[in-house]
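Chemist: Chain residues, written in single-letter form:
2 protein chains.
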Amino acid sequence: MIISRIAELAAAEGVVCESILVGSAARGTWLSGDHDLDVFIGVSEGSSLLPALEVARLVAPEHEERYAEHAYVHARFEGFEVDIVPCYLVEDGSRILSAVDRTPFHNRYVSRRIGGLEDEVLLLKQFMKGIGVYGSELKVGGFSGYLAELLVIRRGSFLGVLEEASSWRPGEAIDLEGHSSRVHDDPLVVVDPVDPGRNVAAALTLDRMFTFVAASRLFLEEPGMEFFFPPPVFPLTDDELREAISDRKSTLVLLEFAGPDQVEDVVFPQLRKAEQSVCALLDRSGFSVLRSDADWHRGARSEVRDGETAGRRPETFGGCGVIRMLFELSVAVLPRVERRVGPPVWEAEHAKKFVKSHPEPLSGPYVEDGRLVVEVARKFVEGPELLRKRVGGLSLGRHLGPELRRGYKIYVGQEILEVGDPEFRVFLARYFSARQMVG
Amino acid sequence: MIISRIAELAAAEGVVCESILVGSAARGTWLSGDHDLDVFIGVSEGSSLLPALEVARLVAPEHEERYAEHAYVHARFEGFEVDIVPCYLVEDGSRILSAVDRTPFHNRYVSRRIGGLEDEVLLLKQFMKGIGVYGSELKVGGFSGYLAELLVIRRGSFLGVLEEASSWRPGEAIDLEGHSSRVHDDPLVVVDPVDPGRNVAAALTLDRMFTFVAASRLFLEEPGMEFFFPPPVFPLTDDELREAISDRKSTLVLLEFAGPDQVEDVVFPQLRKAEQSVCALLDRSGFSVLRSDADWHRGARSEVRDGETAGRRPETFGGCGVIRMLFELSVAVLPRVERRVGPPVWEAEHAKKFVKSHPEPLSGPYVEDGRLVVEVARKFVEGPELLRKRVGGLSLGRHLGPELRRGYKIYVGQEILEVGDPEFRVFLARYFSARQMVG
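Chains as they are written, first to last, in this note's numbering: chain R, 1 to 439; chain L, 1 to 439.
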């Protein structure tokens with residue numbers, strides 16, 4: 001219906017173009033919960049994308065305009081979410097002008113080979129979704145839908161893919177067309193059949209890859225529905241939360257501040273780096289971090305989306321939500337006395353400077369393993385206090401930094417009970433269990 | 001007087017021997033507080049040492065017999081402590097039968113060269129004593145008297161030695177006779193002028209060496225009497241001890257058990273190793289040790305003795321005293337939850353075993369940096385409790401192990417106030433200050 005409407009409107013406007021249904025829906029591998037339909041409007045190289053965008057706008061008068069490398073249209077048609085995306089029709093998949101121009105090539109490659117294997121792809125995608133490794137967006141760092149399709153095309157079945165994955169090692173390389181033209185330094189390399197220089201698995205992280213590997217082995221040994229449909233995770237009640245905290249007897253510290261007005265693919269890399277910066281600050285000062293996690297809570301049900309294209313769709317949410325970073329300390333309080341290990345005595349100039357810079361130590365100076373050592377009064381004896389005083393000075397990313405400096409809250413231990421947001425309570429339930437289908 | 005008495009008795013008994021005064025007293029480099037006189041009774045190679053020992057016994061009817069490589073006699077003559085030691089008169093200092101046979105060679109080498117330099121030697125020895133690096137016995141691991149004499153002979157003065165030492169580096173080599181016949185892997189190598197294969201500084205530890213180096217530099221920059229005669233250290237009062245503990249806010253743990261009936265040179269190496277074993281036990285379990293120290297308290301005033309020969313003299317004390325080991329923890333309590341990092345997922349067999357061996361973790365298993373991780377309940381959440389339960393199972397040395405297993409006490413934090421032994425309170429005063437003349 002949409003495609004014939006595009007043809008009509010293009011004819012009326014005098015736009016020379018071709019419209020194509022692409023993505024999983026076009027290939028019979030659409031998984032419920034994935035984003036819905038992708039319709040591309042292709043124009044020839046050298047012409048402008050603007051007339052095609054104008055056609056897209058007319059197809060769906062009630063639409064929202066979004067931007068990735070180029071503008072496109074997002075709309076609803078009879079309950080379906082549809083992206084209408086202008087692109088160039090290029091001759092060769094390796095000589096594209098914009099990332100979206102590659103999509104018709106992927107569509108063609110998969111469509112010609114997937115006949116009869118659609119259910120295998122659906123099984124694999126749902127398995128990946130169930131174990132939490134589905135989606136190539138930066139938030140997940142998992143397998144894209146296209147990658148899942150290529151793996152099935154290569155092995156011929158869902159179980160075949162699991163068997164192959166069981167013996168994967170880091171740096172595993174797969175090249176369906178035997179035409180690789182570049183060396184990649186990624187945990188998994190799957191050379192794009194339509195572009196010899198591209199790794200289809202470039203977004204896959206080591207940990208998602210090996211979660212899949214471990215889960216594959218486990219499933220082959222003892223199959224079960226829970227791999228595809230894990231039991232739902234409910235928000236922790238106050239009592240459950242209180243119990244978890246006193247069960248672990250660690251010190252939990254929650255850092256909370258407003259989310260920025262940005263898309264997930266911009267926010268999540270910053271969030272991971274910010275989490276690492278805070279961990280480094282704490283660890284450097286002796287407050288050892290047992291584990292940490294971070295998320296962006298926007299009052300929306302978080303769902304795995306189709307990885308192949310999710311990167312280019314900004315989400316619309318009411319407000320920009322809350323950034324939450326959780327740090328679990330195994331050491332939260334340190335003694336006042338702190339060792340400072342200086343240079344070896346035989347580096348005379350450094351040794352002299354070191355002694356001068358610690359004029360009134362609590363103990364020392366003394367020589368240990370050939371080095372000068374002093375013991376001085378520690379500046380921060382409590383991890384949460386260090387965080388409170390120093391987090392504003394960390395570089396937390398282009399968008400997260402300013403948001404944090406506008407204001408943040410820190411909750412320590414049982415104070416975390418004050419945060420009732422069900423999305424956060426689900427996050428906590430997942431954090432405490434931390435169980436993956438890997439053993 | 002002693003030497004002529006030996007000559008008389010030997011003649012009467014028909015023993016062919018030669019008696020010699022050796023050591024610092026013989027060379028005019030005797031330092032008050034060093035052990036007193038060494039008289040050697042030399043017999044020719046191939047004969048027996050027993051007749052010479054018999055002569056020694058007769059010289060001092062009130063004596064005590066002691067043993068090193070061979071038996072010798074310890075006695076008091078008019079307020080002097082005297083060792084009368086049988087030895088062989090060999091031709092060549094490098095072809096000795098027992099360590100004591102080398103002493104007459106040392107005596108001869110130094111006596112011929114030390115004329116006019118005696119005060120320089122006394123200054124150097126007192127300087128070394130003042131900064132705590134004098135004595136080659138294993139308890140100290142410092143400079144022997146003979147080594148101090150050689151350094152002065154080489155540089156010609158006390159200040160010359162300090163200037164030379166100021167630029168020492170680890171592995172420094174000194175060879176007065178240019179006849180070294182072996183490579184040594186020691187922090188300082190001083191080839192014995194009477195034995196080209198021997199390092200006179202073999203007992204010197206890296207830390208004693210560089211305490212001397214740092215103190216030398218400091219003295220040359222700003223000389224002072226306190227290098228030679230540091231202020232006396234008084235036993236900590238209860239109030240001072242209480243204050244030190246609360247000033248540092250660390251957790252002090254004292255382990256106490258009976259001392260063995262052995263000499264210092266047997267006990268101290270075991271004591272250092274035992275201290276390291278306990279530190280390793282604590283550190284392995286996450287209870288990080290800030291600093292530790294150990295000593296053997298026998299109700300005697302601890303004094304620096306002449307390093308050259310102290311190793312061969314057992315001490316006599318009333319009873320065998322108390323072994324005390326002090327551990328200062330910067331982390332004394334840990335959370336119940338503990339991370340266990342397993343093998344990489346791609347090591348399939350190990351991964352499977354790891355999961356099987358942690359059937360009901362508190363959290364996980366999950367994949368982190370490609371490895372399986374679980375979080376389990378920690379066995380010991382308090383360092384002192386771990387020590388109490390596990391110290392008996394450590395290998396603490398041939399003599400210390402059995403003593404500890406016969407019974408020990410552990411004091412934690414303010415409980416340490418219960419131990420009033422002034423020797424221990426001096427030990428604590430030194431521990432808390434830890435100040436060396438190094439900066």
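Any given hint could be a false lead.
Intra- or inter-copy, both count: the list cannot distinguish identical chains.
Straight-line distance between alpha carbons at most 27 Å, and here's what the computed DSS-like set of lysine-lysine pairs gives [unchecked claim]:
no., residue 1, residue 2
1, Lys379, Lys356
2, Lys352, Lys273
3, Lys409, Lys352
4, Lys356, Lys409
5, Lys356, Lys249
These are computed hints drawn from the structure, not numbers from a lab.
Chemist: Now tell me, hint by hint, if it's right for this structure.
Modeler: Cross-check of the supplied hints:
Taking the closest pair of Cα atoms, Lys379 and Lys356 come within 27 Å of each other only inside a single copy of the chain (19 Å); across copies the shortest separation is 44 Å, beyond that limit. Within a single copy, Lys352 and Lys273 get their C-alpha atoms no closer than 38 Å, and across copies no closer than 32 Å, so neither meets the 27 Å cut-off. In the homo-oligomer, the alpha carbons of Lys409 and Lys352 never lie at most 27 Å apart, since the shortest distance is 43 Å inside one protomer and 42 Å across protomers. For the identical chains of this complex, Lys356 and Lys409 are neighbours neither inside a copy (39 Å) nor across copies (41 Å), given an alpha-carbon limit of 27 Å.
For the homomeric pair Lys356 and Lys249, the shortest alpha-carbon distance between copies (25 Å) is at most 27 Å, but the shortest distance inside one copy (41 Å) is not.
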